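I would like the entire structure built from these sequences, with the hints used as guidance.
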Amino acid sequence: MALDLNGKRILVTGGTGSFGKAFIANTFRRFPQVKRVVVYSRDELKQFQMSQKFTTSDYPAIRYFIGDVRDHGRFKRACEGIDIIIHAAALKQVPAAEYNPMEFVKTNIIGAENIINAAMDTEVKNVVALSTDKAAAPINLYGATKLCSDKLFVAANNMKGFRDLKFSVVRYGNVMGSRGSVIPFFLEKRKSGLLPITDPDMTRFNISLQEGVDLVFYAIDSAWGGEIFVPKIPSYRITDVAKAIGPDCEHPIVGIRPGEKIHEEMITESDSFNTVDLGRYYAILPNSSPWKEADYLSHFNAKKVEPGFKYNSGTNTQWLSVDEIRDLISKHVDLSFNHA
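Mind the numbering: the sequence shown is residues 792 to 1131 in this note's numbering, read in order.
If you are wondering where the hints come from, they were derived from the structure by calculation, not from laboratory data. Quick caveat: nothing in here was measured; it's all calculated off a predicted structure. Any given hint could be a false lead.
Unchecked claim - Below, computed lysine-lysine pairings styled on DSBU-like, alpha-carbon distance capped at 35 angstroms:
no. : residue 1 : residue 2
1   : Lys916    : Lys942
2   : Lys867    : Lys951
3   : Lys826    : Lys1023
4   : Lys1101   : Lys982
5   : Lys799    : Lys826
6   : Lys1083   : Lys837
7   : Lys1094   : Lys1034
8   : Lys826    : Lys812
9   : Lys897    : Lys837
10  : Lys1034   : Lys1083
11  : Lys1083   : Lys942
12  : Lys844    : Lys1094
13  : Lys837    : Lys826
14  : Lys897    : Lys1101
15  : Lys1023   : Lys1083
16  : Lys883    : Lys897
17  : Lys982    : Lys942
18  : Lys1094   : Lys982
19  : Lys837    : Lys951
20  : Lys844    : Lys1083
21  : Lys883    : Lys916
22  : Lys1034   : Lys916
23  : Lys1095   : Lys916
24  : Lys897    : Lys942
25  : Lys982    : Lys799
26  : Lys1034   : Lys837
27  : Lys916    : Lys844
28  : Lys867    : Lys883
29  : Lys1122   : Lys951
30  : Lys837    : Lys883
This is the structure:
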């Protein structure tokens, strides 16, 4: 049955971020009769700026709530009457996490617990939490907090009792053109004629905002509870991004930053024993669930991956060429503030 969010009430944490705005725009376009869309975030300026585009006169279903996921009472109040929570709020900068670890713990871990408890204490039916490739075999604190968050959401399915409620996670790589990512950084640095390369062997997964939104819609529609959904997406080499953006620039090697990996993983070898291939996506299934794996495989016409399988940006079978990267940038990245 096709996904239908008409008549539903949806809350998006971190709703003023890149993903939140794209998800909300897609929701209004695909489901014009959606009953309510709550933008929950702590930045009043970003909410004001977003309200200039998504006005209450043009989008009468939209609501703007100032609040922090660290504040359980405020978040629980925001969840009254909500059917679906999309949890996109997080602290994400790797170097900042190494320097301010407890701030990341409070938002990414305690915040996740607050969302779980609020969903259980209200009438929420579906929670989808956004994760990151850095949560797989993490070596930095940001990734460790997101791994902990993932495990909290997966385990929440074992604590829901008889509630009509399910929790799932979507995990994906770098969003092309998102704030703080390499592409906007290179576009800006191109003016100087220097594009610093951390390591010439470095690779990353790449996903567009639209693909990320589509994955969340899939999770809303398809999750049985406890899955970590992983998209099949291409990788790119950092050196190829530099060639696509600044072929005439110098590309000095500056070394990797604390907490960075040469390659990112989304499914580890240890995850392979619980991972199934859904066709367009992979799903890491929970170790413990109220449903049988055989029923899941049959329902989705899925198959288990081979033991020892891993999904790594360096060993990926899909790669973006320099020309493909350049083409994707022209289609998916806002170049209005980046001129060479």
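So, going through the hints one by one against the coordinates:
no.	hint	result
1	Lys916 - Lys942	holds (19 angstroms)
2	Lys867 - Lys951	holds (16 angstroms)
3	Lys826 - Lys1023	holds (32 angstroms)
4	Lys1101 - Lys982	violated (39 angstroms)
5	Lys799 - Lys826	holds (5 angstroms)
6	Lys1083 - Lys837	violated (44 angstroms)
7	Lys1094 - Lys1034	violated (39 angstroms)
8	Lys826 - Lys812	holds (17 angstroms)
9	Lys897 - Lys837	holds (22 angstroms)
10	Lys1034 - Lys1083	violated (48 angstroms)
11	Lys1083 - Lys942	holds (20 angstroms)
12	Lys844 - Lys1094	violated (43 angstroms)
13	Lys837 - Lys826	holds (23 angstroms)
14	Lys897 - Lys1101	holds (30 angstroms)
15	Lys1023 - Lys1083	holds (25 angstroms)
16	Lys883 - Lys897	holds (13 angstroms)
17	Lys982 - Lys942	violated (43 angstroms)
18	Lys1094 - Lys982	violated (49 angstroms)
19	Lys837 - Lys951	holds (34 angstroms)
20	Lys844 - Lys1083	violated (45 angstroms)
21	Lys883 - Lys916	holds (27 angstroms)
22	Lys1034 - Lys916	violated (46 angstroms)
23	Lys1095 - Lys916	holds (28 angstroms)
24	Lys897 - Lys942	holds (16 angstroms)
25	Lys982 - Lys799	violated (46 angstroms)
26	Lys1034 - Lys837	holds (33 angstroms)
27	Lys916 - Lys844	holds (29 angstroms)
28	Lys867 - Lys883	holds (24 angstroms)
29	Lys1122 - Lys951	violated (42 angstroms)
30	Lys837 - Lys883	holds (17 angstroms)
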